[in-house]
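Below are the chains, spelled out letter by letter.
2 protein chains.
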Amino acid sequence: MGEFDLIRRFFTRPAAAPGVALGVGDDCALLQPTPGMQWAISSDMLVEGRHFFAGTDPQRLGHKALAVNLSDLAACGARPRGFTLALALPEANEAWLQTFAQGLLQLADAHDCPLVGGDTTRGPLNLCVTVFGELPTGQALLRSGARAGDDLYVSGHLGDARLALEALLGRIQLPQPLLQAAQWRLEQPTPRVALGLALRGIASSAIDVSDGLLGDLGHVLRASGTGATVDASIAITLIAACADSEGANCQFDLDFLRQCALAGGDDYELLFTAPAALRSAVAQAAQACCTAVTRIGRIEAEPGLRLVDAQGQALDARRYASFDHFG
Amino acid sequence: MGEFDLIRRFFTRPAAAPGVALGVGDDCALLQPTPGMQWAISSDMLVEGRHFFAGTDPQRLGHKALAVNLSDLAACGARPRGFTLALALPEANEAWLQTFAQGLLQLADAHDCPLVGGDTTRGPLNLCVTVFGELPTGQALLRSGARAGDDLYVSGHLGDARLALEALLGRIQLPQPLLQAAQWRLEQPTPRVALGLALRGIASSAIDVSDGLLGDLGHVLRASGTGATVDASIAITLIAACADSEGANCQFDLDFLRQCALAGGDDYELLFTAPAALRSAVAQAAQACCTAVTRIGRIEAEPGLRLVDAQGQALDARRYASFDHFG
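Read top to bottom, the protein sequences are chains A and Z.
Residues in the first sequence are numbered consecutively from 1, following the working numbering.
Residues in the second sequence are numbered consecutively from 1001, following the working numbering.
Source of the hints: derived by calculation from the structure; they are not laboratory data.
Just so it is clear, CB atoms sit at the ideal spot from N, CA and C, and this is done for glycine as well.
Every clue listed holds true.
Only part of the chain Z face toward chain A is listed, based on derived beta-carbon distances under 10 Å:
1) Gln1032
2) Asp1044
3) Ala1078
So that you can see chain A by itself, here it is in the shape it has in the complex (with noise of 0.2 Å):
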């Protein structure tokens, strides 16, 4: 099968989505802009072996390539527009594909966000999604915003995608419950657009949860010149899958839980901030879109991140240091 016979049967819908002047099958795709909008762009990598396993369902894989862009999208308030695909395999394996799209294109469709165009290529398996969305001009959500005063949120769980990664790895083991209760939530985020367009004109700044809680809030207090306090006895409690089935089961010493909670990664939750003075407006976005949020800190004037356990003692933040692709 040919490569261009590949684009077509697997990645191209039947009829144009709204705003989409042309999709794939020209040199390049079109878009209409909506007055009044900036555009919004984010680019994400993944790569077999190291941000998934070989073998991973591929159905589970095209979700994924696509939320964590998304999240990314979400983190600035942007609603999703469309998106390209670029990907190498190894071989042209239809039932692969086929699998792979459906995932892929099953959250697209529940975002109203176009496979708009892309590439494909043979090559080691490496899936790179560019995500476009539109947001009101000078409205995005920025990591450059919080200030001192501000409450520091989270949204959804914590921890659970390094609770899995860890158990795939062989390094600690999970009763299957829990295991899969994890694994889904390595293998299927949910990127959060719908609490990230309700947070515009109330969160002071946002990022996804990408590498790990303290690495990324690390991100925004350097983005703002501010500091924060974390309170890690909060974080644990976010662990889904300890908590959702029968946490007494889980053995595990309170150091790793704190790991996996504040330097996990691959979490793809919203870490944003607000004012205290608008914690009603937060509560009501955050029931609007049908999302938890949690308070787990505050944002202060002296620079430093500051890690507090649940008798308010200083913890070592030093010891839950980021995921870095390049560490």
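Here the structure of chain A is known, so what remains is to put chain Z in place on it, guided by the hints.
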């Protein structure tokens, strides 16, 4: 060195480009569309060992990664606005990155096309560029606009990249000056951005020649529902390396030269059609941007691709099949 330092160090520029509200360093880049314009988007992935040899000069590679994408914008008649780069590298080699960035950003500067974001990760060498351009709504050059009676043109040169490839694979011998000229064309293609802009309102269809002249022409003919006759004897005169370096030394048979010119691939020239009544307008457009264009055939109502030699005798077009990444 951490991933984030890598990005900052080699790919961040001192000042934001005009129209780029926010470049590298947040979750998304923010771009401000020009009112009345459409966005043109294209994405290409280059894989080591497939699209370039291991050990290719990183400066040339940086140039080519962007050039092949700018070529897609050119084929639509779009003006470049910015691009993202996702890069998988086996190791964080500073010298390599510096030289790569130099080639990449030099071409970007020449086209006022700033790097606005991207991703770096460890993995088998893979470069994925996604480029964004703008054009007045409804004025894109498409593959589908060729009409019977139109002239068929190609810009610049054909076949040199294939000549270089064959020599580098050890399948042919090329005298050193020829090899250098041909290798330059393989590794440093010139995207015909200015010509694409100049052809808006003149050309009836356009495509960039990436997979080989006849293969790419096939896309135009299918999209337009037309056929064409191409003069192979003109096409082979467009092999620059032979012409520039005493073609008499070039002892290849006619069939091989035809294969290079008609199916070589990696040319990144514009193949376009225009009504015969607009020949002087085409010539003026070409002259205005100092790019040679050559009339190599005509569009006909009868479907199919007819290839003729200098005497007008039919040649078998199927002999010159297009390169296909999964073929």
